[in-house]
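A.B. asks: So you can see what is in the structure, the chains are spelled out below.
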Amino acid sequence: MTNLRLRIGLVVALVGIFAFLSLANLVPEKTRVASPLLPDSGLRLGLDLQGGIHWVLGVKLSAAVEHELEFLGGNLQAAAESGDFVVGDVDVEGDTLVIQAPSKADEASIREWAGNSDVLREVTGSEGELRFQLTAAWSQEVDRRAMAQVLEVLRRRIDDPVRGIPDSVVTRQGEDRILVQIPGGQIDRSRARKILEVTGFLEFKLVKNAAPSEELLLNQYDGKLPDDTEVVYERDKETQRVVTAYLVADTADLTGDYLTDARVGFDRQQRPIVEFQFNTNGGAIFSELTGEHVGDRLAIILDKQVYSAPNIRSRIGTRGQIEGRFTMQEAADLAVVLRAGSLSVPVVIEEERTVGPALGADSIERGIEASALGLLAIVIFSVAYYRLSGIYASVALVANLLLLMGLMSLFEATLTLPGFAGLVLTVGMAVDANVIIFERIREELRAAKAPRAAIHTGFNKALWTILDANITTLFTALVLFEYGTGPIKGFAVTLSIGVITSVFAALVVTRLMFEIYPGGRHIDRLSI
Amino acid sequence: MSFFEVIPAGTKIDFIGRRKISASISALVLLVGIVAVFTRGVHYGIDFAGGTEMQVLFTAESGADEGAIRSVCNACGVKDASVVRYGETDQAEFLIRFRMDDAGERAAAVASADCPLTEADRASLAEAAAAGGGAGDVGEKGELVDRLALALTNAVGPLEVERVEYVGPRVGAELRRDGLYAMGIASLLILAYIAFRFSTRFAPGAVLALVHDVSVTAGVFVIFGMEFDLRVLAALLAILGYSLNDTIIIYDRIRENMELRTKHDLVEVLNQSVNQTLARTILTSGTTMVAVMALLLVGGEVIRPFAIAMAIGIVVGTYSSIFIAAPTLLFLETRLKSGESSGKARK
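Listed in order, the protein sequences are those of chains B and R. Quick note, the first sequence lines up with residues 0 to 527 if you use numbering that gives the first Met the number 0. Quick note, the second sequence lines up with residues 0 to 346 if you use numbering that gives the first Met the number 0.
Okay, chain R solo, but in the shape it has when bound (with noise of 0.2 Å):
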């Protein structure tokens, strides 16, 4: 029987043979994402970082750019203010991101007089901010987004402010706490359910490979440079939950392969079930990489980060099921080997 295949049955590729490159490059990888934490930093988005995110959308006559809308934000005392094109190129559609925690700096904006105002837009500035119930950080706060989208009408040309995110400094860093709860919550869990269904044996190299996927995709994102917020912890998470199914898929495998046979080489049994199981190690993958396409294509610029994080995270965590995870169980069973020679693995 003929079957249409991506990987001809009777494959035979030595993949354990190769496990000393693949542990190099993957400790390579992880290696130069620590170096960039402590050299580079991680770039955090506002969700963590805190600060405020205006998108704005200028009419396409009005031929916005970068530096216009940054002298505008200069002028008005917002300092440091980063602007970058975002969404389709056609559009004059850019992405302002501010970060102003001091009271003295925000009045000083405030205070501004190279801002590029109207008398009435002052007047009606200076109102809403009377309205801010007594604590000035609330009026400030809200008026220099409506100010600086006010002068940029005036300066630049109309526009609409589609979108307004401001995360204060101590929901970023509740939200940075968090997050890191939720990534040690969910592995805690994913951990007790592979110890209840893998032996001994099988769960060091199922963690490994769990740990080495979150790592190296997060040290990608550091790596390039790639703004780190609560969509990619969002695609991180999933990643954690998904990366975990085609180690599964391999070691059910390993474990049947080891039952049938009671004498064996166990690097020949690794790879036989490695080669074995690899069509559907790769079209599990393959069809989840499309979903992701599919995101990233035509999804927009909101769902980005968390696609690019998704799809690094899918690669990763084929190809740490097939060199990290089946590796690991040889290196723990021929280093560790005491009395127990072939401890049926648990069902």
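Looking at chain B on its own, in the form it has when it is part of the complex (with noise of 0.2 Å):
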């Protein structure tokens, strides 16, 4: 008897602390977090049911490789100026590296100097051709890099201490990808998408020329460019059309690598200008460049689109300002963008789950009248079929909500639509043990024997086959859970907890309850 008070109180407890747990998330999060009493851990919502951009977003590793292998052209010219062979024209097909070699001496030079690089590796080439990619080590570390600094890039857009946005998400998926989450309407997907996607590459490069249209500028050159030059373009805000075609540099004179900050100020007349700082280096440059060129313009250009092309008044030192007629907001994202660098390679958008708030909060109410309605209709079938014992089921089933639900808070896991199913299924397969074991125990009666000897044969014949079901669920909700992305996860969460809580309940609490009553007394008839 002891025994079996010491076992009511150890379920009771456990019940208890679960619904506790479980109940503790109709209280908000802040509150929670703040009280001493109640826990901190809790239920997560997933985007689909609190609404939210979910992008999984592909970096492109391939513009990484092309970038390095243009840098490594660029060694071997300065490499063939210094030393004594010559080099015809370098170019960068793909992957490979396709360098035009003179003569035999000037071949055995380029190999030599490839082989002293240690990142390349010669491919059949043709003659006077020779052609290179990067080893595989290499090309690996590359990768590496770049998909460290994309990340490293984004996450500093999105946590930005002044304009970032709430706990969203940047974490590298797979070999390639980023995942971006960003929950609740905190941002439009437009917006978001301007911050993101933009490379935010700013290059600072003299005009040599301009024109309001580039056949007006080109006309002058004969309708050739120049050789190392090339065309950029200021738009018209509102109409997006060409206002002036500048001839600039194809390089750099300094690009926005050197900036420590960048920050929203205003012009004169109280517009929003985006303000930025170089370091050191960069302002001796930027110093020196301006100081040589007083009097000429210099275009300031953000992924190829030119923002403003100002005269230089005098030297200028550390600071700069970028003029774009922006809105406040525009200005504020640019700055952002600025602070956190230039994305190395482009990103490109390969999978989106974007659902806005209103459906999300449509999608928990359902969930709730699904699994509400659920409930509900086998525990009217229990108790109708199963009299006393389908009460017993009932309670059991109850208590195995509470403990899925609290498990899932302890471990605060994520809830979604999905899991919603997942919870329903839950419920319609947990009475299915509770059938099992009741069908085998009338079965037993049938035949005659005592209740007490018929609930015993009941669970103890059931067990197994409550097992062997259970089990093949497990494994099929844990395959799930490896393989499937956001939503159907949450799916796979709640169906794997639900069956281990639901062994629990049938097997731990229906059972408790048949041992209080009948327990040990001679009943004559017992209600299943």
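Take these hints with a grain of salt, some might be off.
To be verified - Once the Cα atoms are required to be at most 30 Å apart in a straight line, the calculated DSBU-like pairs of lysine-lysine come out as:
no., chain 1, residue 1, chain 2, residue 2
1, R, Lys11, B, Lys59
2, B, Lys207, B, Lys103
3, B, Lys303, B, Lys223
4, B, Lys207, B, Lys236
5, B, Lys488, B, Lys29
6, B, Lys59, B, Lys448
7, B, Lys460, B, Lys448
8, B, Lys460, R, Lys78
9, R, Lys11, B, Lys448
None of these hints come from the bench; they were simulated from the model. Small disclaimer: the values here were computed from a predicted structure and weren't measured.
Work from the hints to combine the two standalone chains into their complex.
C.D. replies: If you want it as structure tokens, here you go:
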């Protein structure tokens, strides 16, 4: 008897703790964390329930390899100039560096240079043309660095101390993907795209010439661009039409890599501008550049778009500003992007699952309704069909749900809409265990066994059937957890925890109730 | 002692005697399913096929209908968009789907002059596209969604974009591949478990029933042209785990009855076992079905494909435990019986 009391106490305490953990979710998280009595941990809501942006960004690692090859090509040309050999054209074709070698002696020198570089391996070329690719090891290293850089920059853009987005997630996913999750309706899609996808590559170039259109500009050079130059455009903000075409050098005089800070400021007319500051090295270059070219125009170019091209009035040191007829928000977002630095390789949205907050709230409502309806229908069935034993089964079912929600809260698991489906399915499957036990007990009773013996046999014989049935379900739930993404993972989570708690509920909680009544009493009829 | 019973105790239905009919039905469904796969193909949802899906909600006064939305899509160069009414019928809620992987087509759509957009709309779209850091497909992908939203607002009425899903071609292919892996790994785990729990005489029937349930459920989806996406895959995996339950109940009973009698007529033992466990086979499936019905009725559109697949799977799973798993045992015992006469099942 004391043994029974102890077990009742243990089960009640356990269910009570998890009930407390489950119900604590009704209290807002902030209050919960602030309160010393309430648990800090609680259920997380998936983005499909609270609304938000879910993006999987693909990182174009091929671009990182190209950059690396271009850099090595530049090194080779520098080596050729300082050494005594000649190289012809150096091109990057995808993942291959293609070098034209004028003579056999030059070929040998190029091979020697490549051998010394330690990062190139030769692939079959043709007469007078050498081809190199990155070694596997170096190629991996280049990819690794690019991923780390992109991840870091995107994190800084989202976690910016001033304009960061709370609770957002930026994590690596697989080889070349980055998962971005921004919960709630904090930011609309198009603004999020502007902040995340923009390369943020800032360049400063002296203006060689300018005209209202590319055609007019090129007419001055007989329709052909001079060597080592390119044309960049300034567009009207409203219509996006080209206002001015600028002829500039194809390499930048100074880039945003030297920036230490960028912030919103205002010009004399109180229009928002972005003020920036260079580090010492950048400041030195900027000061020399502006000092030598007083009176010339300097184009400030962000991702190939000219924002402004002011005249240089005097030598400027470490500070500058970008005017672009910004709105306050645009200026602030641009400052964030400049502070975070530019992406070394582009990113592309490969997968998107964005849910508006209204739809999310609607889904929560539907999930709760479906769970409540499922629970109610099954409780009605159990009690109608199995009477007192049905009440036992229903109590076990509620205990099961409390344990499930409590465990999920404890582990801070994420509840999604398919997670609700897992919950409802758990309710349906949890009662299966009771059905198996009760049907077995009925069978024993039909064979004229005494109620107590029938209960005993019923539980014992049903044990393995119940375990078998639930273990196989657990297998598939675990596979689904490993494979599934986002909302589907939520289904796997509720299903796997639900399988475990429902076995516990049927084998421990229901059984305990039978031990309380009829327990050791001799009864003639068992209500089942 | 009397109980409230769905299946009266002592029910004797000759299930095993009807094995030829049941085998024919299953074979027929599978055959039609396979033919449908080749003739009509599998109707993949965007998870597996790739593409863009927008769920939009118009105000009730807008009087929006499929035709109006479709013509705006066409005007904006988004060809072959599928537009269907979604959710409750009293709401002007629609699902717009399109797939435009070809960069040229997308560029043409962006350039389309017929799109009902104001100058200001075009300017803001162009600006957003310019932001898409040089990688053209980024800006354009997002832009088609924004572009359609603006055009629909102008031409049809105020709307809210409730959900946007986009799956790129690479991700779609990966999800298809991973989905197959998941099915494969889950099947292997369950096979290993069956091998561990059942003797060699029981295992083939359980495996056959399992394969039967998943293929028939998938087959029904293909035959009725229902969409196959991640939610359906999740349901198929859940069925894989769940459908074994009834088979286990029946097999456990067969094993028990075989141990009780040393000399037995196998057909009689099988029939007896199926009949003895019929109530619980039906009740366990019934309760789970009740829960799935709750999902189907109030769970909403997003859950519906999952609930439908689960419902089919539960029915098929119960049927197969009775009509596939038990007869397979009979088939193997009579055809492959060599020296061993009553090899006891492992427990």
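A.B. asks: Next, verify each hint and record whether it holds.
C.D. replies: Checked hints:
Using a Cα cut-off of 30 Å, the hinted pair Lys11 (chain R) and Lys59 (chain B) is violated, with the two alpha carbons roughly 67 Å apart. Pair hint Lys207 (chain B) plus Lys103 (chain B) does not hold up; C-alpha atoms about 41 Å apart against a cutoff of 30 Å. Note on Lys303 (chain B) and Lys223 (chain B): the hinted pairing holds, with a Cα-Cα distance of about 20 Å set against a maximum of 30 Å. For the given pair, Lys207 (chain B) sits about 24 Å from Lys236 (chain B) by alpha-carbon distance, which is consistent with the 30 Å threshold.
Between Lys488 (chain B) and Lys29 (chain B) the CA atoms are separated by roughly 26 Å; this keeps the pair inside 30 Å, and the hint holds. For the hint linking Lys59 (chain B) to Lys448 (chain B), the alpha-carbon distance of about 72 Å lies beyond 30 Å, and the restraint is violated. Between Lys460 (chain B) and Lys448 (chain B) the alpha-carbon distance is near 15 Å, which keeps this suggested pair within the 30 Å criterion. With a CA separation close to 62 Å, the supplied pair Lys460 (chain B) and Lys78 (chain R) exceeds the 30 Å bound.
Taking the CA atoms of Lys11 (chain R) and Lys448 (chain B), the gap is about 23 Å. The hint holds against a cut of 30 Å.
In summary, the numbered hints that this structure violates are 1, 2, 6, 8.
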